[in-house]
Amino acid sequence: MHAALAADHPLVVQGMTVSYGERPAVFSVDAAVPSGSMAAIIGPNGAGKSTLLKAALGIVPPLSGTVTVFGRPLAEARSRIAYVPQRASVDWDFPARVIDVVLMGLYRELGLLRVVRRHHREKALACLERVGMADFAARQIGQLSGGQQQRVFLARALAQNADLYLLDEPFAGVDAATEKAIIDVLKSLKAERRTVVCVHHDLATVVDYFDHVLLINVRKIAEGPVATTFTAETLQATYGGRLATTHIDQLKLPTA
Amino acid sequence: MLSPFVSALLLQSGYNAALVAVGAALLGIAAGSGGAFLFLRKRALVSDAVAHATLPGVGLAFMVMVALGGDGRNLLGLLLGSALSASLGLLIVEWITRRTRLAEDAAIGAVLSVFFGFGIVLLTVIQTMSRGKQAGLEGFLLGSTAGMLFQDAVIIAIGGAGAIATIVLLRRPMTLVAFDAEFAAASGVSVRTIDLAMMLLVMAVTVVGLKVVGLVLVVAMLIIPSVTARFWTDRTDRLVGIAGLVGGASGYVGAAFSASAPHLPTGPIIVLVCFALFLASLLVAPVRGVLAALLRRRRFQVLVHRRQGLLSLAHGEPIFDPLTLAVLRRSGLIRRDGVPTEAGRAQSAKVLRDERRWDIARQIYQDDAVSGRYDGLTPIETVLTRDEIAEIDRRIGSPSVVGGAA
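Residue numbers (this note's numbering), protein chains in the order written: chain A, 1 to 256; chain B, 257 to 662.
Hints are supplied without guarantee of correctness; some may be wrong.
[Unchecked claim] With a Cα cut of at most 25 Å, we get these calculated DMTMM-like pairs of lysine to aspartate or glutamate: (1) K190/A to D93/A; (2) K220/A to E233/A; (3) K606/B to D577/B; (4) K606/B to D643/B; (5) K123/A to D493/B; (6) K220/A to D249/A; (7) K298/B to E233/A; (8) K298/B to E122/A; (9) K180/A to D493/B; (10) K123/A to E109/A; (11) K298/B to E360/B; (12) K180/A to E129/A; (13) K190/A to D175/A; (14) K190/A to E122/A; (15) K123/A to E438/B.
[To be verified] Here's a subset of chain B near chain A, in silico, CB distances under 7 Å, partners left out: (16) G270; (17) F374; (18) L425; (19) L432; (20) D436; (21) A442; (22) S443; (23) G444; (24) R491; (25) T492; (26) Y621; (27) E637; (28) V639; (29) D649.
The hints are simulated quantities; they were obtained by calculation from the structure and are not laboratory data.
Glycine is no exception: its CB is placed at the ideal position from the N, C-alpha and C atoms.
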């Protein structure tokens, strides 16, 4: 990829290989997410979707490969990225209130010693308002339902006020109301010309929610606009025999 | 017994006792609040490995100091030696966890026992040495404050204050890493550095605490205060503060207690005081305490029986459950012979209406926000607005008082 092209892409991953032990979870994947897009990373279980996202964020060390964010190395562009991990990755009995978790999103602003002031709290509350959770600000996080937990994580990412949002399965195991609340927020981010990348598992909603798609199964299978890339052929190539033909038919995809 | 204890509490039992009490309180604050982060990170047991790994360092430092011509009793030298061997133990635990397939608990077990065993061997060798003043070295095992010097107290005070300053400085990244290490890493926080800082903090507290509570028991001062604090709060900042208070109070009271009874060892007494605070919190803490949970359950049970009883009255069914009968009788809803009173009839009509409204509401509102609130006890008026209830009532027709015989 040329440097000029990388500069106007929010996220460019080149030759990324990540391995736990001797078996690569992600092998030599290239990807370039266009500016202002809603991108989905799709693939079967164990295809390395989450691993790719974590490697792009520097959470897991890659064996090889580079990450470029808005044309700069990852370390220089961290302040422009917000991250929503899987909600199952933390212990929800942790002693914190909803607002405390959202305030964690302001860490870069607060630093080590700055005092949390009223405008910080108001900012956090505004983020909770956006996900419909303002009334829950003082709740202990252990009392939240799964969907509410996911909304709190999204609010924390909103507090980071980033240009690139990376979300790991934001719709996994949430109720219908939460799914709608989350997609509304993501669409509003897109309307603000911010870029959103989701690891996504529900093939039925890909066409509705996203405009760019990356299909992977350890290796990259296909990448491009949903309209031309999310086809029966590429899905078959990604999922192999694991996806029944009837299932693909139900998606009513254009055939390439 | 009591009056020497009180005078020790008021620092009136002499210079040495006052020194020990203040030193133990400072140590307790540092250990309690520092250990809180370890507890939140779910790595409390690492402190046990660190504590036991100090022993060979104490022995080797003594030997080196004697070889250099001293008497081997310099506390600073001994603590320095213990810090070095504790660091080595810590690094080995870290290395085993990262580089091999062994889990952290296995690494902790291995390091803890090997270092402790080696330390005991060194202490035994030291007992047979002809030079140096080896008496009192075994005090590092269980703590000994009898011969505490002013300079020892100063070392503890400086160490404790340094630990507290570190906690204040690093509280945010440590909280971030403890709650969600992946998010912290994505935000640019180096998780390894913060983990290492957390461990160094614990090591500093352990080393400083060796003289007062000893290496076997210092782990209690790191963990019990935060476990105790967890009963009282749902907020991280408060948990750290309360843990510091619990640790400080235990140190102070325990030291005063052992000063008033010279034959009682200081370290174990401090730990027992700390445990007493834990036990009290376990029992009486609001919300999370055992008694509070029992009371809550009991109150809920009474509400359920009251509701069920009223519904039975409304349907004219007989009630057999003795608790239900007792609950209804106590609140004047039925007479001694089981016949509903005026109030009982009114209440049962109301409950029946509420139940019918809920039935309709759960059909209309499919979402969690309304139907999820149905627990058979919450009155619908607290969940829906008046116009919404009016719409439901339109569907069921107006309520009628249910009468008579039970």
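Do the hints match the structure? See the list:
no.	hint	in the structure
1	K190/A to D93/A	33 Å, violated
2	K220/A to E233/A	14 Å, holds
3	K606/B to D577/B	22 Å, holds
4	K606/B to D643/B	18 Å, holds
5	K123/A to D493/B	20 Å, holds
6	K220/A to D249/A	23 Å, holds
7	K298/B to E233/A	47 Å, violated
8	K298/B to E122/A	32 Å, violated
9	K180/A to D493/B	34 Å, violated
10	K123/A to E109/A	12 Å, holds
11	K298/B to E360/B	11 Å, holds
12	K180/A to E129/A	15 Å, holds
13	K190/A to D175/A	23 Å, holds
14	K190/A to E122/A	23 Å, holds
15	K123/A to E438/B	23 Å, holds
16	G270	41 Å, violated
17	F374	33 Å, violated
18	L425	6 Å, holds
19	L432	6 Å, holds
20	D436	5 Å, holds
21	A442	4 Å, holds
22	S443	6 Å, holds
23	G444	4 Å, holds
24	R491	6 Å, holds
25	T492	5 Å, holds
26	Y621	11 Å, violated
27	E637	19 Å, violated
28	V639	14 Å, violated
29	D649	26 Å, violated
Going through the hint list in order, the structure does not satisfy hints 1, 7, 8, 9, 16, 17, 26, 27, 28, 29.
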